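Asks: Next come the chains, spelled out residue by residue.
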Amino acid sequence: MAKILIPTPLRPYTDKRDAVDASGTTIGELLADLTRQHEGLKAHLYNDQGKLRSFVNVYVNDEDIRYLQKEQTPVKSDDTVSIIPSVAGGAPTAEDVRSVRRQPDLTGDEYKRYSRHLIMPEVGLDGQKKLKAAKVLCIGAGGLGSPVAMYLAAAGVGTLGIVDFDTVDFSNLQRQILHGTPDVGRPKLASAKDRLNALNPNVHVETYETALTSENALQLFEPYDIIVDGTDNFPTRYLVNDACVILGKPNAYGSIFRFEGQASVFATKEGPCYRCLYPEPPPPGLVPSCAEGGVLGVLPGLLGVIQATEAIKLILGAGEPLIGRFLIVDALRMKFRELKLRKDPDCPVCGTHPTVTKLIDYEQFCGIRPAAPEPAIVNTATDITPTELKQRLDRGEQLQIVDVREPHEYQINRIPGSTLIPLGDIPKRYNELDPDAELVMQCKSGKRSAQAAEFLRAQGYKHVLNLTGGILAWIDQVDPSQPKY
Amino acid sequence: MTERRLTITRAVDTAIRAHGQETYPHECCGALVGKNDGVTAVVDAIVPLPNTTEEGPRRRFLVRPLDYRQAEKQASVLGGELLGFYHSHPDHPARPSQYDLDHAWPTFAYIIVAVAEGTARDMTVWFLKEDRSSFDEGRLHHGENTDSHPAPAVHR
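These protein sequence lines are chains A and B, in that order. Just remember that the numbering used here sits 467 ahead of the position in the first sequence, which is counted from 1. Just remember that the numbering used here sits 163 ahead of the position in the second sequence, which is counted from 1.
The shape of chain B in the complex, shown without the other chains (with noise of 0.2 Å):
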């Protein structure tokens, strides 16, 4: 199986990790906003969104529905479509759980953001297989930024 590949800017790559910064020691989530032409997926904005879990959010993160009908109309908004969601793991490795699994959806990219004592380390991102048995890590590539619209493009 060929490996799949995201594009992320270098302002979503430093959204990303700034926003897992600033909600540490919790876990911070947020919708991934871009194009996919059917060959290549390139994230250019990201949709910071609440963590409303309460499960506590220092291991757990929850995007509500409504929520999730916001980041697909801001989506829209900004002239792209929602490619996946992002989140952090404080004090974790950047590799999916038992519990992304268990709620994970298919087709979406996952960009997960280990954030070590505050400080954002390691970025993965992770597809669904398609018998939900568990996660294919994809390749995260890094673009440069496009002039369209400069990410983060929302706040909350």
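Next up, chain A with everything else stripped away, as it sits in the complex (with noise of 0.2 Å):
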């Protein structure tokens, strides 16, 4: 019997009471009957292996068991025990936080599963422990998300987090391959989370319904290593890149559009950040995004392939990552070129004195205005729905139809009987146009051809009408037959 000092921190564990009274002929006995009087200490004594945590000191009376003999110390009735918390912590780091992350054991299974990894001199034992204790977040899993997840998880990454809030669409599946065809409608989550278990059941999936915010970005990121964005929008993206800088996590980043793709290890230590390059975003609808301008389904696979790559060499630490490296890939002509980057010292997030410390109103920087809802009230003297053409049409009113659309978008679906002028060729050509007759603007969803009505009304053309909706909602309401893209 020996009398334990308990500190403040740990006393809520013992009813309240500084000293207990435990029985055992050493250290080691005596803290198991200690913990066996009161249950709530053992975590916080021992770690999982069930050894003494690093920071709780054992005295016997005066001197700390570490010199004496350890847990085999004996004790005495007449011995004081003390345990004495020490106190540490600090600051994190990407390196830190892995080498502090114990080492996981591989399974039978997993031997198997990676002996082509075990077996480079690059990776081996080692290389694929560190990719089993590796945290890698992607942003969207969406086009370059899907080959990295994918791939992330065949390598053996141990814990995959993914943040969107997405449902599967049909137009997804020409590149999304974490997809198929029987999960349009499924939340894109619950999707990659079946498709990923699937393909290597030892990896964790995490998954975030969120769309990413200034709110929510830094406690997301905090338990990841590294940041992997896949986001198709400015605001997101630098939203990611500052998260990134302020937590000193690498951001594996790339984008893509249309035949060509970007690639780069940005947020790490010693090398730039996408604010380097792009201290200021572009100017809104100056820069289409996939949607609007369309890409190439395999692109995103050739991209997302590379994020992965540099995401797996940074938790190998193997190789030259993409570092104050920017690949530029042009899917084309098949050609790689690679601009060299530098720390920008005037940089407003990672330079020397930076103005951006924490994280802003994303929207508000790239001058998007939050989403305002469309005004429902449609202002019957300029628009027109879709079944009021086709009643007027059936009626037999003389209305000539204007497709303000691409020729490849035409060659799609069309409304009988409409023209065909492109947005960029109206000043040019709006003169084939009789200012007299009525005239239906129409486009895709409605939004081009309202500024191509706007254009003609400014040139003193008095019946425009813009079809609201474009031919979308006119195969919804009157032409189910015609394909939609």
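Source of the hints: derived by calculation from the structure; they are not laboratory data. Do not rely on the hints blindly, as some may be mistaken.
Straight-line distance between alpha carbons at most 25 Å, and here's what the computed BS3-like set of lysine-lysine pairs gives [unchecked claim]:
1) A:Lys543 - A:Lys579
2) A:Lys483 - B:Lys198
3) B:Lys292 - A:Lys483
4) A:Lys518 - B:Lys198
What you are looking at is a predicted structure, and each value in this text was computed from that prediction instead of being measured.
Can you join these two chains into the complex? Each is in its own frame, and there are hints to help.
Replies: Next comes the structure, spelled out in structure tokens:
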């Protein structure tokens, strides 16, 4: 029997007592009895392997048991045993987080699964364990996120996080190989999880069904070693960059448009960030998104695999990552160009005197107004719905329909009898249109045609209507036999 | 779960920030002393402690057991109890790291002050979850100075 002095933080587990009597002839026995009496102490005194935690110090009288016989140190009944905390902590770095984390062992199944890695000198058993211990967060489960997540899961990255809030649409399937035809309409995270679990059940897939925002980004990123940016818009891209810089986590970046792609590794300690390259976003609307401009289906495969490769190299500490290098891929000519990037000392986030030290409003920064709901009221003086148009055509009224889309869009579907003049040609070709005729301007969804209608009215055209919802609404309301895109 | 609150006096706030700036680019550390009646916890003094880490004080701090004992003694001299510890994160956000988590004690309040380029910025407080899986962020509340003991009460 001996008296054990309990430190302040553990007293809630000992009914607030600062001393507890326990029986035993050695420290080990004494502590075992103590945790029998007060079960709640166990998790705080011992680690998962049943060893005393490094910051738990046990003293017999005034001697640290580390310098006696450790847990075998004998105890007499008049000895006073004290548990004395040491208090430790510190700022995180991605490397620290990885090195502190326990190296997990591989299971028999994993030895077989990763055998082609295990025989490579650059990976080997140590590297494969690093991969298993690693945590990578994919922003987006779309075009880039698909190959990134699938290859990282296949490679054995232990924890994969995915942030997305979208559902699978038919138009995704041409490139987003995480999702299949039966998944259309399901949340992307649900099909991603199924696909990744089927590919490699050893991988822990963590899903976050939310939009990435300035409010949640730091908390979402915190547990991860590497962030892979697979976003398709500028506000989120700047948000990912700034959050990575603030937290000191590398950003494996990729972006795609039609036949072109870009990749780099940003926000490492030594390297530049996205803002060193692009301090300011482009004016809104100048750079079209994939939804507006299209993208070759295999292109995200090409770029996503580059991002996944960079993430794996960072985890392994192997090779030369794309730090300070900006890779430009032209798939049409199949040329890879590389630009040298330097860390900008005046960079507003990663420079020597940063002016951006916390996350900001990125919609505002990129000049995008917060998504206001589309006005529900149809302006009857200048707008016409597809149903009204059909009725008027059926009555034999003379209306000229002007389709302002591109020729390749016109090939997919069209309203019978419409005239094609792409929006960009309107200023030089509008005089082909009769100023006294009643005109119905039309495009895919009604935006471009509204611009064209505006332009014509400014030129003195008096009877210009805009088809609300464009050809898509026409197909929905009038002619479902035509394909949509 | 209700959010845990920790009240600190203006003087304590000032003293923690000053300590973080003084040791920059190294981490500072020290003990939080005050009273906890089970409803509210009020820190009205700090005990600055030496950072004895051997792993590089830019990213780590360590309070040795002997200094811990010293802090506990000082707390009772001041008529208070040990409510937790504070440390700084030089050029890092005021959020706990995995290392902080791996070394955290239950019950204690952990105040982190971010010191960017030598200037103290955000200050946050954290409490270890019962299952040690992560920290809960608490609410740091600024109270008025109490007259009983001006902070910082003790120097190294």
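Asks: When the hints from earlier in the document are held up against this structure, which numbers fail?
Replies: 1, 4
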